[in-house]
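Produce the complete structure using the sequences and hints provided.
Residues per chain, in single letters:
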Amino acid sequence: MAGAGTKVRSAARVVPWERVRRAGSKLTTPLHPDDYLRLVNPLWSQRELRGRIEQVVPETDDAATLVIRPGWGWRFDHRPGQYVGIGIPVDGTFQWRSYSISSAPKRSGRTIAITVRAMPEGLLSTHLVKGLEPGTIVRLAAPEGDFVLPDPPPAKMLFLVGGSGVTPVMAMLRTMERRGQLRGADGEEGVDVVMHYSSPTPERMIFADELQRLADEHAGLTLHRLHTDTDGMLDLGHDEGGIDSFCPDWRERQTYACGPGPMLDSITEFFSSHDLEDQLHLERFTLQLGGEGGEGGTITFRNSGKTIDADGATTVLEAGESAGVGMPYGCRMGICHTCTLTLVEGRVRDLRNGDEFDQHNEQVQTCVTAAVGDCTFDI
Amino acid sequence: MAISDVREYMHLTEEQVEELGRELDQIREEVEASRGADDAAYINRLIRIQRGLAAAARVTLMVTPHSRKTRVPGAVLGASLLGLAKILENMEIGHNVMHGQWDWMNDPEIHSSNWEWDTAQPAEQWKHSHNYVHHQFTNVLGYDNDIGYGILRMAREQRWNPANLGQPVYNALLATLFQWGVALHDLDVEKIRKLEKDPAEMKRQLKQIVRKGRNQILKDYVVYPALSGPQWRTTLKANATANLTRNLWSYVIIFCGHFPDGAMHFTEEEIEDETRAEWYLRQILGAANFEGGELLHILSGNLGYQIEHHLFPDLPSNRYGQISVRVRELCAKYDIPYTIGPLHQQYGQALRTIIKLSVPNSWTSDDKPPQPPAKPDAPEAPPVDKGRKSDAERPPRRSELGAWSRGKQAS
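For the record, the sequence lines run as chains G and A. If you count the first sequence from 1, position 92 lands on 92 in my numbering, and the numbers rise without skipping. If you count the second sequence from 1, position 343 lands on 343 in my numbering, and the numbers rise without skipping.
Since the hints were derived computationally from the structure, they do not count as laboratory data. Keep in mind that a hint or two might mislead.
Coverage of chain G stretches by chain A, computed from C-beta distances (three or more under 8 Å per stretch; other residues unrestricted) [what the hints assert, rightly or not]:
no., segment
1, 53-64
2, 332-339
BS3-like mimics (lysine-lysine), calculated; alpha carbons at most 30 Å apart, straight line [claimed, not checked]:
no., chain 1, residue 1, chain 2, residue 2
3, A, Lys356, G, Lys26
4, G, Lys156, G, Lys130
5, A, Lys333, A, Lys356
6, A, Lys207, A, Lys194
7, A, Lys219, A, Lys203
8, G, Lys26, A, Lys194
9, A, Lys368, A, Lys356
10, A, Lys219, G, Lys26
11, A, Lys368, A, Lys191
12, G, Lys26, A, Lys237
13, A, Lys207, A, Lys191
14, A, Lys194, A, Lys219
Ideal Cβ positions, reconstructed from N, Cα and C, are used throughout, including at glycine.
So, in structure tokens, the structure goes:
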């Protein structure tokens with residue numbers, strides 16, 4: 001992420017911080033002033049966005065909300081529903097995951113909140129929920145995502161939520177509440193929301209109390225809960241318990257769905273069978289693998305716009321060369337790192353030791369790696 | 001003449017060479033697997049110390065010159081701290097980060113792709129001339145420009161020229177102005193002399209060098225002296241001293257890497273169709289270590305473990321010490337020379353070579369270890385197809401590389 005420092009700029013500031021920084025860099029060249037200042041206070045750097053964990057609030061047994069105070073360069077202008085990348089070193093290596101921001105955006109804000117559920121196999125999520133002490137410095141990536149609340153919001157909305165998929169929806173609800181957009185009492189103006197929230201058990205339901213309070217205070221929010229351990233999964237087409245039972249006017253609503261992959265698959269299928277896909281907005285938070293069996297795939301070279309199908313034994317470098325991309329290379333044996341490129345998306349395997357790299361914007365050596373599924377490079 | 005056939009010299013069969021390669025691969029795998037939080041803490045701590053030293057030096061030089069009492073001790077202290085900071089940055093941090101030794105941490109702030117070091121040479125050019133040319137073609141005559149940096153005659157195989165008589169002087173100049181010598185290194189003086197250099201590329205490189213060099217000069221010789229006000233001369237002198245100290249130190253360390261008598265040179269033919277195991281072997285034979293304590297090794301960027309660095313240029317430098325124990329065992333097992341000596345001896349040998357080779361070969365004796373007699377009845381080995389593309393089958397090697405040149409390529 002070279003040049004992250006210039007990514008975030010604010011023209012509206014009173015003090016021309018950018019000019020101060022530039023002047024300061026005459027003293028610190030070839031480094032940035034931030035490279036020194038962050039040794040005084042870890043948040044005083046905008047080369048890489050950073051944040052300090054201020055609070056870890058347990059939500060359920062296996063989920064916690066992390067309240068993070070971002071450092072320099074953070075703009076507090078995320079849109080409700082977006083997610084952020086959070087990077088923490090595990091065994092010396094930065095590992096990145098994305099989590100939806102659950103707090104409402106606030107320009108004057110000092111902190112953001114993300115809510116994380118520890119997954120049985122998720123090393124990082126477990127570490128985030130159980131292992132993070134307040135005061136820990138984490139890396140942040142700027143907010144991203146198209147699963148956002150439009151401004152102004154649609155008059156009638158339906159939220160279909162499963163498990164920790166509640167977090168982006170929570171940010172939307174909190175935003176509407178803070179802006180007074182949610183209908184307060186019957187007969188008043190305001191947005192009408194029906195929310196269907198599936199969770200394995202009542203205990204594992206994140207934000208249960210806050211949602212209850214919101215529903216109590218706002219006639220515009222109708223809450224339906226489903227405990228899937230005892231009552232089974234949501235089946236939209238079912239006569240009883242289906243979508244017509246809890247939201248008969250669903251065809252007139254904009255629907256926002258967030259949850260586990262299979263749930264979203266069945267929702268997509270249901271909406272497309274009714275030809276209403278335009279009204280459905282989805283957020284997937286599970287990784288989707290592109291290729292069958294995970295060996296080889298289509299490599300896209302983003303800047304040159306070239307693509308090529310490569311098998312699992314062809315290095316990215318060789319594939320790029322046969323696609324006619326001006327690949328940088330040196331030793332062709334993993335020594336000199338001249339060939340290092342940014343892997344924008346996807347997964348590659350190091351042919352020397354089988355290590356896999358799939359972090360967003362990770363730097364990889366193309367001469368010794370091969371595609372595992374579809375991947376995109378920044379060249 | 002350069003040694004005609006590396007493997008024959010070593011009395012190793014092809015299988016033994018491959019076995020050696022596998023054992024070295026094994027070491028690499030083990031070190032890679034054991035990299036962890038302690039290693040990350042090491043480089044982070046070192047960076048913290050280095051930046052602390054630099055900041056302390058700059059503040060000392062800004063404050064102390066204003067009092068008659070503290071001026072001289074302050075200047076001495078400031079220059080020492082600054083010299084130390086520059087040495088640490090260039091050797092143990094910059095050089096090693098740019099090798100990709102810390103890329104595994106996935107931290108963009110400590111990554112080979114965007115580290116810029118505190119010296120005149122732009123990082124992109126260094127990564128080409130050093131990481132690629134020098135590490136791939138280590139000590140190969142006509143390829144590795146580090147053999148004498150295009151100025152000095154360092155191998156008896158290089159033809160003598162009357163201009164070589166000035167070598168002791170060129171050497172002193174190179175040592176004093178080392179950062180500028182390095183800055184011009186990737187321009188490839190040899191190529192320019194032969195008029196083979198692409199003018200457009202040269203212009204681009206020069207522009208980059210001027211931009212970086214200008215910032216370096218401004219910082220040390222204009223901005224910081226100006227901040228010392230009327231005492232600007234003291235600060236300027238101290239900064240110049242710090243740069244000179246760093247130049248002399250890095251020059252000595254680098255000349256100890258490949259010019260002591262035990263380090264061999266190779267010919268173009270020897271690297272044709274070279275396997276990875278043979279490349280390993282060439283790295284052991286072409287490099288020389290020096291002995292010292294932990295502090296000396298850190299101050300020299302762990303280049304006292306030059307052999308280990310050349311075998312595994314992208315493994316973290318703090319591990320070279322422990323790797324060296326195993327490499328020495330392997331060298332003993334396969335009866336391969338492992339060149340090592342105290343720092344003064346290694347540099348002394350390099351200096352002797354510089355002086356001896358300033359005159360024609362016939363005037364001096366060769367200090368290289370003697371070659372074993374060639375086996376007269378050894379049959380000409382048939383060329384073995386090792387399943388690798390030859391250079392002719394590949395697209396031409398790019399002469400300039402890295403992010404700064406990629407803009408041009410992206411079309």
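The hints, checked one at a time:
1. Counting residues of the segment 53-64 of chain G whose CB lies closer than 8 Å to any CB of chain A gives 0, so the stated coverage by that chain is violated, three being the minimum.
2. Given as covered by chain A, the segment 332-339 of chain G passes the check, having 6 residues with a CB less than 8 Å from a CB of that chain where 3 are the minimum.
3. Taking the CA atoms of Lys356 (chain A) and Lys26 (chain G), the gap is about 44 Å. The hint is violated against a cut of 30 Å.
4. A threshold of 30 Å between alpha carbons decides the hint, and for Lys156 (chain G) with Lys130 (chain G) the separation of about 38 Å lies outside it, so the pair is violated.
5. Between Lys333 (chain A) and Lys356 (chain A), the direct Cα distance comes to roughly 34 Å. Violation of the 30 Å bound is thereby established for this hinted pair.
6. In summary, the hint linking Lys207 (chain A) to Lys194 (chain A) is supported, as the alpha carbons are separated by about 21 Å, within the 30 Å threshold.
7. Among the hinted pairs, Lys219 (chain A) with Lys203 (chain A) is consistent with the structure: their alpha-carbon atoms are about 24 Å apart, no more than 30 Å.
8. Taking the CA atoms of Lys26 (chain G) and Lys194 (chain A), the gap is about 38 Å. The hint is violated against a cut of 30 Å.
9. Using a Cα cut-off of 30 Å, the hinted pair Lys368 (chain A) and Lys356 (chain A) holds, with the two alpha carbons roughly 12 Å apart.
10. Of the pairs offered as hints, the one joining Lys219 (chain A) and Lys26 (chain G) holds, with about 6 Å between alpha carbons and a cut-off of 30 Å not exceeded.
11. Distance restraint check for Lys368 (chain A) and Lys191 (chain A): the Cα-Cα separation of roughly 28 Å lies within the 30 Å cut-off, and the hinted pair is therefore satisfied.
12. Distance hint between Lys26 (chain G) and Lys237 (chain A) is fulfilled; the C-alpha atoms sit about 19 Å from each other, no more than 30 Å.
13. Between the alpha carbons of Lys207 (chain A) and Lys191 (chain A) the distance comes to roughly 18 Å, so the proposed pair stays at or under 30 Å and holds.
14. Straight-line distance between C-alpha atoms of Lys194 (chain A) and Lys219 (chain A) comes to about 36 Å, which puts the hinted pair past the 30 Å bound.
When each numbered hint is compared with the structure, violations occur for hints 1, 3, 4, 5, 8, 14.
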